[in-house]
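Student: The primary structure of each chain is shown beneath.
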Amino acid sequence: MTENIVTAPNMLADAPPGTLSARDFHSGATPIWCPGCGDYGVLSALEDALATYGRPPHEVVLVSGIGCSSRLPAYTSCYGFHGVHGRALPFAAGVKLARPDLEVIAVGGDGDGYSIGGNHFIHACRRDLDMVYLVMDNRVYGMTKGQPSPTTEPDWDSDIAPGGIGLRPFDPLALALAAGATFVARGFSAQPHDLATVIVEAIRWPGFAFIEVLSPCVAFRREEFDWKASVHPVKQTIENDRAAAHAAILADDGFGLGVVFRDYRRLKPAPEPQRVTLAEIESEFRIGA
Amino acid sequence: MTENIVTAPNMLADAPPGTLSARDFHSGATPIWCPGCGDYGVLSALEDALATYGRPPHEVVLVSGIGCSSRLPAYTSCYGFHGVHGRALPFAAGVKLARPDLEVIAVGGDGDGYSIGGNHFIHACRRDLDMVYLVMDNRVYGMTKGQPSPTTEPDWDSDIAPGGIGLRPFDPLALALAAGATFVARGFSAQPHDLATVIVEAIRWPGFAFIEVLSPCVAFRREEFDWKASVHPVKQTIENDRAAAHAAILADDGFGLGVVFRDYRRLKPAPEPQRVTLAEIESEFRIGA
Amino acid sequence: MGRSSLAIVFAGSGGAGAMTAGELFLRAAATAGYYGSMNRLFGPQVRGGESAALLQISNLPITCQPDNFDLFVALDWHKVDQFAAEIPLTENSIILADPQSGPVPQNVARSKARIVSFKMGDPEATPLERALHGKHTNVFAAGAVGCLAGIDPAKMRAALSTVLGSKAADVQRLNAASLEKGAAAAATLALDLDLAPPKPAPRWLLTGNQAIAMGSLRGGVRFVSCYPITPATDLVEWLAPRLQQLGGKLVLAEDELAAINMVLGASFGGVPAMTVTSGPGLSLMVEAIGLAVAAEVPAVIIDVMRSGPSTGIPSKTEQSDVNLAIYGGHGDAPRIVLAPTSVRDCLFTGEWAVYLAESLQTPVIVLSDQALGQAHQVIDPKPDRPPPLARRIELPASKFKRYATDSDPVTAMPPPGTPHGQWVGEGLTHNEFGIPVSGAAAHAAQLNKRARKLAQFDPGAWWGDVWGDGDTAILTFGSGAGAALEAAVALGAAGSPTRVVALRVLSPLPLAALATSLKGARRIIVMEQNQGAQLYHHLLAHNAIPPTADSMARPGPLPFRRAEIIARLAAQV
Amino acid sequence: MGRSSLAIVFAGSGGAGAMTAGELFLRAAATAGYYGSMNRLFGPQVRGGESAALLQISNLPITCQPDNFDLFVALDWHKVDQFAAEIPLTENSIILADPQSGPVPQNVARSKARIVSFKMGDPEATPLERALHGKHTNVFAAGAVGCLAGIDPAKMRAALSTVLGSKAADVQRLNAASLEKGAAAAATLALDLDLAPPKPAPRWLLTGNQAIAMGSLRGGVRFVSCYPITPATDLVEWLAPRLQQLGGKLVLAEDELAAINMVLGASFGGVPAMTVTSGPGLSLMVEAIGLAVAAEVPAVIIDVMRSGPSTGIPSKTEQSDVNLAIYGGHGDAPRIVLAPTSVRDCLFTGEWAVYLAESLQTPVIVLSDQALGQAHQVIDPKPDRPPPLARRIELPASKFKRYATDSDPVTAMPPPGTPHGQWVGEGLTHNEFGIPVSGAAAHAAQLNKRARKLAQFDPGAWWGDVWGDGDTAILTFGSGAGAALEAAVALGAAGSPTRVVALRVLSPLPLAALATSLKGARRIIVMEQNQGAQLYHHLLAHNAIPPTADSMARPGPLPFRRAEIIARLAAQV
Ligand SMILES: Cc1ncc(C[n+]2csc(CCOP(=O)(O)OP(=O)(O)O)c2C)c(N)n1
Ligand SMILES: Cc1ncc(C[n+]2csc(CCOP(=O)(O)OP(=O)(O)O)c2C)c(N)n1
Ligand code: SF4
Ligand code: SF4
Ligand SMILES: [Mg+2]
Ligand SMILES: [Mg+2]
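Chains as they are written, first to last, in the numbering used here: chain A, 17 to 305; chain B, 17 to 305; chain C, 5 to 577; chain D, 5 to 577.
The hints are simulated quantities; they were obtained by calculation from the structure and are not laboratory data.
Please note that the accuracy of each hint is not assured.
[Said to hold, decoys possible] Here are the simulated BS3-like cross-link-like pairs (lysine-lysine), alpha carbons at most 27 Å apart as the crow flies:
# : chain 1 : residue 1 : chain 2 : residue 2
1 : B       : K284      : D       : K253
2 : D       : K139      : D       : K83
3 : C       : K83       : B       : K161
4 : A       : K161      : D       : K253
5 : C       : K253      : A       : K284
6 : C       : K139      : C       : K123
[To be verified] Some chain B residues flagged as far from chain A (calculated, every beta-carbon gap over 12 Å):
#  : residue
7  : S37
8  : V216
9  : E255
10 : A295
11 : S299
[What the hints assert, rightly or not] Partial chain C-side listing against chain D, Cβ under 8 Å, derived:
#  : residue
12 : E291
13 : L295
14 : A298
15 : S324
16 : A337
17 : G443
18 : N534
Glycine included, each C-beta is placed from N, C-alpha and C at the ideal position.
So that you can see chain A by itself, here it is in the shape it has in the complex:
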């Protein structure tokens, strides 16, 4: 199958006139999040990004699963759906496929996205629909009060896994890359301004844009507040060269922030089929006189 190179036209476009502000994307509902939870920073970065991007709230759909982080949609003024645990991505895909005119953003946590939702994650990377997936990774199941997730360090002690789960954590960026993602980035909730910039770029990306956001859990992973000292910008954004991107991700300490990889190579879309009417379809059944 031949390939197309997309130049992502709207990537190059100027930001639309700033008629919207972050406030326009705020619902006013009170988050149930613990004071100090990293997810507040993500919410504000997202509101900023949407204002910058400039489509009105009613043309944006936020889809989530279940978890602390998955509560986010109701805190915005957009259309939203708070579905079941782990299924944000297929729901979002359904919205986008049925309504390509809408801006679709799926959000959730590391448990929702990498544990129960892992299969949808890799398949969404492969399916490459034009949407954003933003994971607030706190390396714990916050909502169920502190169990290790697929990104938790192997020796993190918890009631359910005394002494640590003993498994090498997933690197979500590597997984996304191996599954075929065309846009892979990492952000940090305590740097909402930079995060907003990445989100805007992700929204403009004409395919599946994955953003892993480090978002500390103040209740169960206090030590994650030290992430502030660890983060640093990624060395460079790698384009098209997937092997180089893998090498860069593996060489990184897991705290490099920014867009890690963009792949402009695309498959040619199938030609539009010829249109028919319902009556024509029915006529296929006709037999006899």
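Keeping the supplied structure of chain A fixed, place chains B, C and D with the ligands upon it in accordance with the hints.
Tutor: Leaving out everything else, chains B, C and D with the ligands in the frame of chain A:
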């Protein structure tokens, strides 16, 4: 968490005395496979490998999901389980965790393993239990009569996806690698002898050993018989260097056969907890007089 | 003057082409003006194993499998006898077999059917021709049966070319020759299988799966997401290109969890959406069905039932997902469950399901089964159509509350893109605005809102079909309805007036209509094809039948036949 | 001589430590020799929001929540009034509140309870001390209530140090001081809350979740795989270290699909295995439960029910998974469904479930609920234990057929590693050797084999609990049983003899025993905590109750209380 280097003691051991033959692993049941199906070659390679490895059939458990390929367990004389579609790996993990003394081998197809079972696949790579996972990849759902799977070429025409599914196929080896697999190999059903060698090595590998086997579907993918002309040995087996392995896999045309990657680095297992009795546990509840 | 119906089997091993013979014959007979139906049997092999085409041709609509087959055409005998239980023969049946195929297998011979030796295949073909082009035994046999049944040879030729499609000209020519030769050879047989003259009329030839698919398109479904599963896959394979040509989308999901959630997403987006599956897939979907109930998202779920539990017998029929469809899912999650009463009714029920889902903002499960879904049938083409019902989307004049409980329980559901209509679909217990809350009052209010939606759903005359008013009532659904009706007709003729009630709405049970339909019945028998008597217990659970009602339940995969029902009714008195 | 029971609430916002006060008080009272129980309420915040500890202390075992609370201790008033519906107060109740916390919120004041001003916290502590060590208002309040109830101060001190655990010495010292000061301050209040002297005996303090976990360990479970879900997670969190210390394994699966399949794998391996979940997880497991039925693999599945459908109210109770547990799954897949009748019975039922699963080679679902699971209760420590039953593993003398149908339906299931025992577990319809087949006869034979296993299961005396023989019968299960019993006692005392039947076996229904237990009852009311009257309809479905029986069903999350039941019974006459 500190790391251990495993030297895989039984990797170095000689093959046990050849008291068993491939026939000892044959159940005599007649496969429902189409004449010429690639899976026959896999079955015979597996029987050979088990004979070479030398544990008797009653100490081996073969676990599968649903699909043509997943019918394999009943064709051997081992213990087996033919479960539901996509769940071979968690079932096999349950067997292995409960009974580490057994030899556990999960088998199945590309639909079973990479589509409905995709989440278990990546988590099994991460969990790294001492078992083998062998996927008979024919790039199609054979059992349901010919729909594109996650490894199917984007332009393969079928009733359900006229003109092609239009998605870039998964590279299962890249996915396994990104998910943390420590042993990654590719085999070909039409080269059962080489495949048997790889299987023996996989059985001996003290962790999760993944073998992707190209296994043509004569009924729905006749063109796959041309794979004979395409396959070639991999350039080298890469050890420990995951980035290099990614690069090698991406550089390969998808037809390189052999062991692609081995990772000897391991996490230190958690220390054994102190033993208690049921009565001691009950005494925790005691209160009062 | 000829018989009014004829039941024929073509059977043979892999290459023998029993299915082609069956399709060709069915099409020819249908074109000639007969009603007809064809069911298919396959051996365990994935492809190319032995198979049998079970046909009926008649001057009346066909709604169930025959008590016995009149004619069994053995293209060869290779493993064909494994189908014996599914192909009842009697002493009055005729077996047409080539002596070269060897002796009739015991399982088949046991029927004492009359065996007629019949050399099949072109006696004049050279060995080279045979090797190059196959023996066309199947087309030869079809030609023979066409002649015996008195089907117009021109219709046979036309059907052959339709069935062969775009095959090469020489293939067409050789097959056409075999067809003629078969007819010629049959003329030498002294067999009386002549059908009464047909009554041609414009008809449709289609499967139950195609009929449901067509109904759903009529209903407005423009998004389908699914994961392949027998015996539902051919439904979506038929649908895929057509849906695209209508501007819709069919997506192959990674699993059933994704499929149903994609459907909910598309539906949330404002597009009527559907998924199609069988038992194992439905089991995987019940969590999301509960979400659709709680968040009030329309969705159509087609379950083409097969023998269960677990993987069961994927290619064979049963009606054992009744419990799952009605009761599957945690929490109180009532939904609508429908079942088509015939292949023809699949068109109606498929369309109606969409209207109900959309207008009530609820999941609707349609329980079809393999016997309906994969039966090829000739039907009358203009079945009733349900009046269209649409989703309520207009914003209220007052403040918009997506989950308002103080009004009509069906509340506005504006699609994304509607200014000022923003809402968040919510699967947690929520207040009227959709914000999660955990109080008992809000919980009860929303449960009641949803219950009221179903309570106000009035299926009108479409709750089910009633035939007759005999004092014995057979209460059934789905593919059982046709056989029950035939049994009732026979029983009535024999002096035991019997009525048949076929439920189209299995849940919520149409209690009042059901009571009316059963009025005066002194004996009620609930007939269904599963071991657990699932419908029977469901009816008892809601006092829809008296505790004294009988159950006639048995598992699949054998279809109910008229004779079995009559015998069971007699035995149970 | 003092009252025989006392119901107390400690409530306050995040930092106020209502739970610690409750735990400390419960432990002290239990050590002193009282029965007791504690339920917990939390606000919507994930952590640290407002909370309330609902306690009862009594000289009799406690089995349900009280009609009203005697004492409401407000550590502060921040958002505490959201719990009002769950904390019934009357004019006879007393509210103890610090005037500094501001006025009593309307929702609470509406009860007309007597408000008693009470300065909480150490009046002598310096601001620096308070800033450094917190105010210990909660411990102060617990000390006060201990004094009012007449709990031995030494027991209060001991309980405090247990609850504080390994906290630093100065923290211990300051808290101990607060405890004393609270007691001293309370002595100045003219309140009569004195309890009658306790009747000490060896007792256990545990939650229902812990009791099920302990029961399962006694039953031999040595493998658990699960995915976290409220309110089941604390069960596995308690179990995890202990299981390891017993040489078993607890695995955190990637999802519930993996969890249940891992359980089946471990069980196939020969190790009794269990998973623990709540409604959404159970929904995801039904496909594999059908596999366990078909392939005949033992498995214990604990469902700690919460309010549904969909995500519902994760932290609150309901009994709405009855349908799913009994009927969930495609095909005919009967299984055993049990429900513990009390926290104490969780020990028994947890253990019994393992024996039934193992001995009948079938999945067993245990329906607990949040109200049982997360209730801390003081119980008598030596409940009955069921006699151990084990898996049949010995190979027969004759040729081994894993799925033999000609004998005892429970056939040998040798674990892998057994020479000559090889078999392949099969979810497809299979013959006696486990080879997939598609014939009707084999299909029926295996369905019958499995049905016979359940038919021959005789629960003996453990099918359920019966109290009394009044002519009104309340038929219920799970956490409803205690409240029903209290209502029955009260009704009997008031001249309306009422019996209570609590089912331990919900499926297959113990029809004969149930009929005996209901003999002579002129009125039957099925009481359950869900909207759909799921148990009621299940009983009707099997003619286990007459169509005239009444239903008393309402959704959660409010618990049934004695007063509500009495009122409903009176209203329905
Ligand atoms: C099917 C199902 N299983 C389990 C749960 C329980 N559950 C709710 S949230 C959650 C994990 C949340 O973790 P994550 O996605 O990382 O979100 P966080 O709370 O950390 O933001 C789990 C296991 C559920 N709601 N549904
Ligand atoms: C839950 C569920 N969904 C769908 C199916 C139907 N199904 C059976 S096998 C199969 C795909 C098999 O493909 P693969 O694993 O590649 O095996 P192959 O037949 O190609 O060897 C599907 C979709 C099923 N049995 N269960
Ligand atoms: S528990 Fe953790 S993730 Fe959840 S709201 Fe609190 S801080 Fe945030
Ligand atoms: S359909 Fe394909 S995969 Fe299945 S048995 Fe036939 S050749 Fe093999
Ligand atoms: Mg998390
Ligand atoms: Mg395949």
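Student: Evaluate each hint against the coordinates.
Tutor: Results for each hint:
1. With a C-alpha separation of about 18 Å, the suggested pair B:K284 and D:K253 falls inside the 27 Å cut-off, and the hint holds.
2. Among the hinted pairs, D:K139 with D:K83 is consistent with the structure: their alpha-carbon atoms are about 19 Å apart, no more than 27 Å.
3. Among the hinted pairs, C:K83 with B:K161 is consistent with the structure: their alpha-carbon atoms are about 22 Å apart, no more than 27 Å.
4. Distance hint between A:K161 and D:K253 is fulfilled; the C-alpha atoms sit about 21 Å from each other, no more than 27 Å.
5. Of the supplied pair hints, the one linking C:K253 and A:K284 holds, its CA atoms being roughly 18 Å apart against a limit of 27 Å.
6. Among the hinted pairs, C:K139 with C:K123 is consistent with the structure: their alpha-carbon atoms are about 12 Å apart, no more than 27 Å.
7. With a least CB separation of 38 Å from chain A, B:S37 remains clear of the 12 Å interface cut-off, as annotated.
8. Non-interface call for B:V216 relative to chain A: holds, since the shortest CB-CB distance, roughly 26 Å, exceeds 12 Å.
9. Distance check for B:E255 against chain A: the nearest CB is about 15 Å away, which clears 12 Å, and the non-interface claim stands.
10. Under the 12 Å C-beta cut-off, the non-interface status given to B:A295 relative to chain A holds; the minimum distance is some 21 Å.
11. Chain A leaves B:S299 outside its interface by the beta-carbon criterion, the shortest separation being 19 Å against a cut-off of 12 Å.
12. A least Cβ separation of about 4 Å between C:E291 and chain D falls short of the 8 Å threshold, and the interface hint therefore holds.
13. Proximity of C:L295 to chain D holds as hinted, the smallest CB-CB distance being about 5 Å (cut-off 8 Å).
14. Below 8 Å, beta-carbon pairs count as interface contacts, and C:A298 has one with chain D at about 4 Å; its hint therefore holds.
15. Here the hint on C:S324 is kept, as its CB sits about 5 Å from the closest CB of chain D, short of 8 Å.
16. Restraint check, C:A337 versus chain D: the minimum CB separation of about 4 Å is within 8 Å; hint holds.
17. At about 6 Å, the closest approach between the beta carbon of C:G443 and any beta carbon in chain D falls short of 8 Å, and the interface hint on this residue holds.
18. Look at C:N534: its Cβ gets to within about 6 Å of chain D, closer than 8 Å, so that hint holds up.
In this structure, none of the earlier numbered hints is contradicted; all agree with it.
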